[in-house]
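Asker: Order-wise, the sequence lines are chains A and B. Under the numbering used here, the first residue of the first sequence carries the number 1, and numbering increases by one thereafter. Under the numbering used here, the first residue of the second sequence carries the number 1, and numbering increases by one thereafter.
If you are wondering where the hints come from, they were derived from the structure by calculation, not from laboratory data. If you're wondering where the values come from, they're calculated on a predicted model, not measured in any experiment. Some clues are possibly wrong.
Now the in silico label distances, taken between C-beta atoms and shown as ranges [claimed, not checked]:
1. A:ALA328 with B:SER338: 35 to 41 Å
2. A:GLU583 with B:SER338: 36 to 42 Å
3. A:LYS226 with B:GLN306: 57 to 63 Å
4. A:SER198 with B:ALA355: 54 to 60 Å
5. B:GLY308 with A:GLU416: 52 to 58 Å
6. B:PRO198 with A:GLU146: 28 to 34 Å
7. A:ASP577 with B:LYS90: 33 to 39 Å
8. A:SER198 with B:ASN359: 57 to 63 Å
9. A:ASP577 with B:PRO198: 27 to 33 Å
10. A:ASN453 with B:GLY168: 33 to 39 Å
11. A:GLU379 with B:GLN306: 54 to 60 Å
12. A:ASP136 with B:LYS207: 39 to 45 Å
We put the beta carbon where it would ideally sit given N, CA and C, even for glycine.
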Amino acid sequence: MAADKIRNFCIIAHIDHGKSTLADRILEITHTIEDRKMQEQVLDNMDLERERGITIKAQAVSIDYKGYRLNLIDTPGHVDFSYEVSRSLAACEGALLVIDAAQGIEAQTVANIYLALEHDLEIIPVINKIDLAAADVTRVKEQLLEMGIDPDEALLASAREGTGIEEVLDAVIARVPAPETDSEAPLKALVFDSLYNSYQGVIAHIRLMTGSLSRGEEILLMASGKKYEVDEVGIFTPEMKPVSCLNAGEVGYLMAGIKDVRNCKVGDTITKISSRADRPLPGYQDVKPMVFSGLYPIDNRDYEILQEALEKLQLNDAAFTFENETSAALGFGFRCGFLGLLHMEIVQERLEREFDLELVITAPSVVYRVTTSEGETREIDNPAAFPEISEIEKITEPYVEASLNLPEEYIGSVMELCEDSRGEFQDMSYIDQNRVRLKYEMPMSEIITDFFNQLKSKSRGYATLDYEPLGYRESDLVKLDILVNKERIDALSVIVHRDRAEKIGRELINRLKEIIPRKMFTVPLQAAIGSSIVARENIKARKKDVLQKCYGGDVSRKRKLLEKQKEGKKRLKQVGDVDIPQEAFLAVLERGDSD
Amino acid sequence: MIDRNQLALYLHIPFCLQKCSYCDFYSRVFEPETVKLYLGALVGELKYRSSGWQKPVTSIYFGGGTPSLLSSAALEKILEAIEENYRLVKNPEITLEVNPGDLQTKAKLEDWQGLGINRISLGVQSLRKEDLKLLGRSHSSSQARRSLSILASAGYDYNVDLISALPGQKAEDHLNNLAEILSYRPRHISSYNLELEPGTPLAEQMKQGLLPEISEEEDLRAYQQTRQELQNQGYQHYEISNFALPGFNCRHNLAYWEFRPYAGFGPSACSFDLQERRKNSSSLRNYLTNSLSHLDVPHEISRLDQRGLTAEYLLMGLRLLQGIDRRDFRLFFQESLSDLYSREIARLEKLGLLAESGNKIYLTDRGLLLANQVFRAFL
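Looking at chain A on its own, in the form it has when it is part of the complex (with noise of 0.2 Å):
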């Protein structure tokens, strides 16, 4: 394909806003999925991602139409994969902005503008959902002309009804550059997704910015240094289909019977070992994770089949990590780790759908670094592994600058909420009539406790939140102990302020008192630093549990009743006399009403 017959776009939207619809829509009026194979929302291959209205990976698709290729890249979204989403956007001349006319710009939608034109894409708003009646087209056109986007460039589309498609299409074709190639050059394809499966290995998903690749060369991996010979390049339709070359400006794929992923990272450039590029891509990151935590299995005979299941995970993402950990509470398990709060909850939802296990995850905890009395400094991921009080010197955690996003009758509420949440105000700014942008410097901690429900539920859904690392910063931290029934838990253990701990400890203490299950005897609960108790609570024992009436009617039903409670209580821990549910170890993530 000649390189200006090529468009590359992606397409930015808010959640719901309709952006897997119109996807859907082009795919269907481009003939590129049959009728009889077109499964609503065809890009979210995951179950997950179709649940959860999210994208998780990036996923490609070239398109054919009135003699053009259009290579359509649809991007996650989400702050967890903020890295990956620039990669995509990397990866094309051009985006599509698609705005729900009944809702308007919303404010994560701005961040991502800006991000695109960060990368010089050319924006085409398309309006969409103008069937509806609450649709307001004027005030759309508005926004974009606040935001600079001339409005009367907006296109009009109900990606529901199929109206307004092909204007998008033509507009694709006319408005987005075709790419800058240079085929004799050097190879430089970036990688923009890179996924594993047990038949064909890793499949990089590249757009070649220079240069050519065929089957049979030899490539080297500029990131990771690692070389291959290419057993197959092609194109997505959206299956795989082979190709004799690819060249400058397009997107594909590779195989090269690559192993792991992490040989194979978003945003590494594939250059050729004949011909080498001098110098690679800009915006390569190697993505550490953020967030660590335990998982263990509930059975602990499931302890292999977990590992095994860690290990084809982390097959397919670069960034989850895993190593052995011990608990005293919860026996043998993993420390993994993971880039946020939500890449956590995907990888514990895969674990126990694709390979049906049972598991108990930890309280997430950020990277402390801890300085001991001796100047030893240590990097720990796990409350439990702290020194004693007494040996340590100083600890460090992670800052985060927050930006929030939100409408301006909620500055009040969201500042309080950083506030409790250790953040210290940097700037506020407008960026329209009425919304505004928050900045602050806040522990990495405090963002992956409750934070982002609780600005969610104190902006009714309207705030947004990114961040970006500051390093490391020293505070007053200590470690808070819970004791169940004497007994030190491990895995409820905590890192807190300790201005807050007490706090932070009777509020803890409290849930948990409604969290585990009463037994026939009093299970005393503590929250301690070091040995000193500075919250204590009782769980009382249960003095009478017996059905009633038990009649010829009731027999089965009463019988399933006492089975529906027996197993319930298999989805608990069991840690020493006393069962632990798994909503225990996260209580420590809800904030209390602080007031």
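We have chain A already, so just place chain B on it with the hints.
Answerer: Chain B in isolation, oriented as in the chain A frame:
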């Protein structure tokens, strides 16, 4: 040994004047026309299914719903159908569940007596006005007292149902009820603590926090003192919630706990032939249409595997204070209890919930309070 060559018959009378706030048994509004159709259908079912149930019938139980709403003629018609199609022993126990509002004259009781009904189960629940209101009962406490004195002066064999542990209720409130009931000296008392059945108006109100809490301490105290008081007065505690003067255990309900066969008729009624359970559909409309066609009424059958059967045997048998007999278990299942459950039994004995004596295994005093823990262990 338990004699299982006998049969208990249950008739479900699915009509009420009003629905009690805590009750989740199947019932519809009482309408004479519907009742007439229903009688036809019930007689039809009794005839249709009789061939499978030819063991000697030792007890008949009219439950509901509110069976005391039926006229004597209606009751007679049902009893006749039973006599014609089933083998009754001499003097079977025939119990009628009665709402106190339906027993306000001596003549009424004599009518029932004339039909052969020799046992009454009276749904008093409480003698406190506020309790009856909360429970949504259609009768008043004075009506309850009147029916109690009619029964007592007739020297009838009758049971009184009581409910304790109501929201906000103190143990003393229940014990006062009990003391007054005891002045009539019924031969049988069933004393239940309130169980909130999901979906009932009372459970909904509790969920919404509209009612005071049910106190576990008060519940416990009420139960222990009820037990003490009844034993002092010569009653035997023979099942978790049931007490009787010697010789007056409810023969019919024992069929359930002793794992004997029973056949239930009417919508939502259950049957058990020692192998499979049958449950009639809980729909009066389906029940009426189908039986007009002279076919069996709509129902579901569930066949239990051995493990399900043994679990239910224990679940029911351990409700009796005398417990279960290892020999009966072996005879019934051709397997010994120890082979199947020795680990569970040892654990429960260690926890002080179960005890053994000779061939009997039974709930301890502590086990009576925490019986669900025992039951769950066997599931």
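Asker: Each hint: holds or not?
Answerer: Hints versus structure:
In this structure the supplied range 35 to 41 Å holds for A:ALA328 paired with B:SER338, their Cβ-Cβ distance being about 36 Å. Range check, A:GLU583 to B:SER338: Cβ separation about 39 Å, and the 36 to 42 Å hint holds. As the Cβ distance of A:LYS226 to B:GLN306 is approximately 60 Å, the hint placing it in 57 to 63 Å holds. The hinted range of 54 to 60 Å is satisfied by A:SER198 and B:ALA355, whose Cβ atoms lie roughly 57 Å apart.
Checked against the given bound of 52 to 58 Å, the beta carbons of B:GLY308 and A:GLU416, roughly 57 Å apart, stay inside it. Taking 28 to 34 Å as the suggested C-beta distance range, the pair B:PRO198 and A:GLU146 does not conform, at roughly 53 Å. For the hinted restraint 33 to 39 Å between A:ASP577 and B:LYS90, the CB-CB distance of approximately 56 Å leaves it violated. For A:SER198 and B:ASN359, the hinted distance range of 57 to 63 Å is satisfied, since their beta carbons lie about 59 Å from each other.
Between A:ASP577 and B:PRO198 the beta carbons are some 30 Å apart, a value that agrees with the proposed interval 27 to 33 Å. Between A:ASN453 and B:GLY168 the CB atoms are about 36 Å apart, so this pair conforms to the stated range of 33 to 39 Å. For the pair A:GLU379 and B:GLN306, the supplied restraint of 54 to 60 Å holds, since their beta-carbon distance comes to about 57 Å. Checked against the hint of 39 to 45 Å, the pair A:ASP136 and B:LYS207 passes, with Cβ atoms roughly 41 Å apart.
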